[in-house]
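Protein sequences, first through last, are from chains B and H.
According to my numbering, the first sequence is numbered sequentially starting from 12.
According to my numbering, the second sequence is numbered sequentially starting from 237.
A hint or two may mislead.
Said to hold, decoys possible - As a list, the in silico PhoX-like pairs of lysine-lysine whose alpha-carbon atoms are at most 20 Å apart: (1) B:LYS418 <-> B:LYS501; (2) B:LYS502 <-> B:LYS438; (3) B:LYS156 <-> H:LYS302; (4) B:LYS214 <-> B:LYS387; (5) B:LYS455 <-> B:LYS398; (6) H:LYS241 <-> H:LYS260; (7) H:LYS302 <-> B:LYS81; (8) B:LYS115 <-> H:LYS325; (9) B:LYS472 <-> B:LYS501; (10) B:LYS433 <-> B:LYS489; (11) H:LYS241 <-> B:LYS156; (12) B:LYS387 <-> B:LYS352; (13) B:LYS55 <-> H:LYS241; (14) B:LYS369 <-> B:LYS398; (15) B:LYS501 <-> B:LYS455; (16) H:LYS302 <-> B:LYS80; (17) B:LYS115 <-> H:LYS328; (18) B:LYS455 <-> B:LYS489; (19) B:LYS156 <-> B:LYS106; (20) B:LYS387 <-> B:LYS369; (21) B:LYS418 <-> B:LYS369.
Don't read these hints as lab results, they were simulated from the structure.
All figures in this text were calculated on a predicted structure; none of them were measured in a lab.
Okay, here's what each chain looks like letter by letter:
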Amino acid sequence: MLSVPSVAIKLLKVVNMEYEVVIGLETHAELATITKLFCGCSTKFGAEPNTHVCPICLGMPGVLPVMSKKAFEYALKAAVALNCEINRFTNFDRKSYYYPDLPKNYQISQNYYNLGVDGYMNMSVNGSIKKVRIHNVHLEEEAGKLIHPEETGADYSLVDFNRAGVPLLEIVSYPDMRTVDEVESYMQTLRKILLYTEISDCKMQEGSLRFEASISLRKKGSEKLGNRVEIKNLNSMKSVIKAIEYEAIRQSELLDRGETIDRETRLWDEVGEKSQRMRSKEESQDYRYFPEPDLLPVMIDEKWLSEIKNSIPELPLDRKQRFVKTFNLSDYDAGVLIEEKVLADFFDECVKILDRPKAFCNWITNDLLREVKDRKLDINSLLIKPKQLASLVEIIEKGTISSTIAKEVFSEMVQTGNEPQKIIEGKGLAQISDEGLIESVIDKVIAGNPSVIEDYKKGKKNALAFLVGQVMKETKGKANPKMVNEMLIKKVGV
Amino acid sequence: MKIEKKDIEYIANLSRIELSNQEKETFIHQLSDILAYIDKLNQLNTQDIKPMAYSINTTNVLRDDKLEPPISREDALTNAPSTMGVFFKVPKVIE
Ligand SMILES: [Zn+2]
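Hey, can you work out the whole structure from these sequences and the hints?
Put into structure tokens, the structure is as follows:
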């Protein structure tokens with residue numbers, strides 16, 4: 012997770028407090044289908060250039076696109092999850108423009124009847140719930156990839172059409188955000204919704220999740236929105252935050268000098284951490300949208316819509332609130348659990364087996380996550396199963412093993428997927444509760460430490476802890492610490 | 237609707253085509269004629285008529301998410317005006 016408070020503070024300091032920063036986000040997510048939107052070519056990332064192509068996605072003359080049902084349903088699912096009104100009649104439109112990554116010279120997108128309109132997303136910002144309205148959710152096709160040669164003075168670019176035609180979901184928010192904390196939460200919450208609904212793999216480093224921001228400033232208390240500036244080429248959530256910070260400062264300085272803000276599109280320069288003008292409103296493009304004649308419209312009936320609604324799992328924020336309410340977890344712990352759907356699922360499975368939410372939460376958020384991090388494990392293919400963790404918690408409660416040994420057993424469970432009981436037996440880790448055995452070790456420790464016994468009798472309290480430690484060391488941590496403690500006190504006398 | 241020279245120039249620019257002055261004159265007349273012809277529709281009262289973009293009464297033609305073999309890269313590149321190695325080659329795109 013990315014943390015941004017330092018940036019937030021900086022933004023507040025630098026931007027003249029008379030201004031309110033108004034931010035909207037456009038999100039593009041590549042959908043998790045195995046084929047492209049209008050043809051059977053693979054969407055798999057990282058293939059050899061121009062090998063996942065066919066006449067349809069290369070835009071050759073005379074070919075006909077046919078819409079993927081799965082891609083359409085994924086987009087519909089997103090629209091429902093974002094509380095949109097669903098257009099029961101929806102169609103696709105041609106958006107015409109020339110760019111070498113677009114083989115047909117138009118992109119098939121939606122303009123007149125977007126799949127979903129007027130939705131909203133609730134998100135948690137600094138402990139309270141904030142609602143951001145969603146203007147629309149629609150489906151379109153991805154463009155190809157342009158490669159710009161490194162050599163200086165090169166007068167050409169290269170194109171790889173493997174991504175061309177991959178289904179792309181666009182989510183347009185209203186300009187409802189005012190701070191970078193809200194933007195951060197919006198991005199994280201939306202990403203989690205897309206992951207929970209399994210609509211997109213949301214890998215920003217592979218470009219399957221991308222954001223564009225629009226920013227304007229206005230005098231506090233003013234209703235009228237200022238001229239907005241759109242920022243493109245934001246490759247990470249960190250870039251989004253930095254670009255917004257930069258833009259808010261740039262606009263506030265212009266306004267302070269009495270200048271006006273031009274409505275324009277700017278490109279973020281990741282290395283230089285600044286933006287530069289790409290095009291002004293005057294140069295803005297005329298897309299000439301018109302209904303795509305090669306595709307038929309799609310009607311969504313009640314049955315289909317309710318199937319889609321039923322396929323949506325409990326969403327992250329609802330889940331977090333349930334964890335807090337039902338299991339008394341802290342907001343923080345619940346937040347860590349829902350960060351990854353598999354972890355939240357794991358937790359839910361555990362508490363179904365055994366009603367020890369706090370214990371499971373601790374094991375998952377502390378020990379499991381540490382193991383995952385240290386051993387660089389894939390969180391989606393864990394060997395340890397909820398049932399096994401539940402057994403471990405039961406074993407600890409029975410006093411069969413100490414909590415120190417339990418950590419060792421747990422680590423083994425994560426690495427091998429073995430049952431805790433088997434690990435304990437195999438390694439001889441079971442706790443020693445045999446009185447005679449413990450007594451013999453205590454006697455040995457007392458005999459070997461006469462001066463410590465003297466100290467203890469003189470009232471030095473921590474001498475006892477030392478003796479307990481010695482007994483534990485002799486038994487390799489397996490002696491029942493409670494018994495050791497009680498028996499020692501009895502033996503040495505108060 | 238009256239078509240003027242600047243309209244022709246705007247459309248030509250959008251279409252990335254270059255027109256001579258004589259061609260512009262020709263197209264002003266031709267496009268004006270076409271629009272005047274289409275304009276006849278405006279004589280009809282269409283107040284209660286829903287816009288129609290599709291002439292056949294079919295919807296929901298969808299395919300399964302099933303892989304189909306791609307074409308070879310060689311075939312993909314063969315008709316391109318310019319290629320370089322495994323890529324299509326285009327004039328430099330200014331970023
Ligand atoms: Zn294809």
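Do the hints match the structure? See the list:
Distance hint between LYS418 (chain B) and LYS501 (chain B) is unfulfilled; the C-alpha atoms sit about 30 Å from each other, more than 20 Å. A distance of roughly 31 Å separates the Cα atoms of LYS502 (chain B) and LYS438 (chain B); the hinted pair therefore is violated under the 20 Å criterion. Between the alpha carbons of LYS156 (chain B) and LYS302 (chain H) the distance comes to roughly 24 Å, so the proposed pair goes past 20 Å and is violated. Proposed proximity of LYS214 (chain B) and LYS387 (chain B) is supported: the alpha carbons are some 18 Å apart, at most 20 Å.
For the hint pairing LYS455 (chain B) with LYS398 (chain B), the CA-to-CA distance comes to about 41 Å; that exceeds 20 Å, so the pair is violated. The hinted pair formed by LYS241 (chain H) and LYS260 (chain H) meets the criterion: a straight-line CA distance of about 7 Å does not exceed 20 Å. The suggested pairing of LYS302 (chain H) with LYS81 (chain B) holds, with an alpha-carbon distance near 10 Å, which does not exceed 20 Å. About 16 Å separates the Cα atoms of LYS115 (chain B) and LYS325 (chain H), which keeps this hinted pair within 20 Å; it holds.
About 15 Å separates the Cα atoms of LYS472 (chain B) and LYS501 (chain B), which keeps this hinted pair within 20 Å; it holds. The suggested pairing of LYS433 (chain B) with LYS489 (chain B) holds, with an alpha-carbon distance near 16 Å, which does not exceed 20 Å. Pair hint LYS241 (chain H) plus LYS156 (chain B) does not hold up; C-alpha atoms about 37 Å apart against a cutoff of 20 Å. Note on LYS387 (chain B) and LYS352 (chain B): the hinted pairing holds, with a Cα-Cα distance of about 18 Å set against a maximum of 20 Å.
Taking the CA atoms of LYS55 (chain B) and LYS241 (chain H), the gap is about 49 Å. The hint is violated against a cut of 20 Å. With a C-alpha separation of about 16 Å, the suggested pairing of LYS369 (chain B) with LYS398 (chain B) holds against the 20 Å cut-off. Distance hint between LYS501 (chain B) and LYS455 (chain B) is fulfilled; the C-alpha atoms sit about 15 Å from each other, no more than 20 Å. Taking the CA atoms of LYS302 (chain H) and LYS80 (chain B), the gap is near 10 Å; set against the 20 Å cutoff, the hint holds.
Restraint check for LYS115 (chain B) and LYS328 (chain H): satisfied, since their Cα atoms lie roughly 19 Å apart, inside the 20 Å limit. Taking the CA atoms of LYS455 (chain B) and LYS489 (chain B), the gap is about 16 Å. The hint holds against a cut of 20 Å. A distance of roughly 18 Å separates the Cα atoms of LYS156 (chain B) and LYS106 (chain B); the hinted pair therefore holds under the 20 Å criterion. The straight-line distance between the Cα atoms of LYS387 (chain B) and LYS369 (chain B) is roughly 25 Å, outside the 20 Å bound, and the hint therefore fails.
For the hint linking LYS418 (chain B) to LYS369 (chain B), the alpha-carbon distance of about 16 Å falls within 20 Å, and the restraint holds.
Hint violations for this structure: numbers 1, 2, 3, 5, 11, 13, 20, all remaining hints satisfied.
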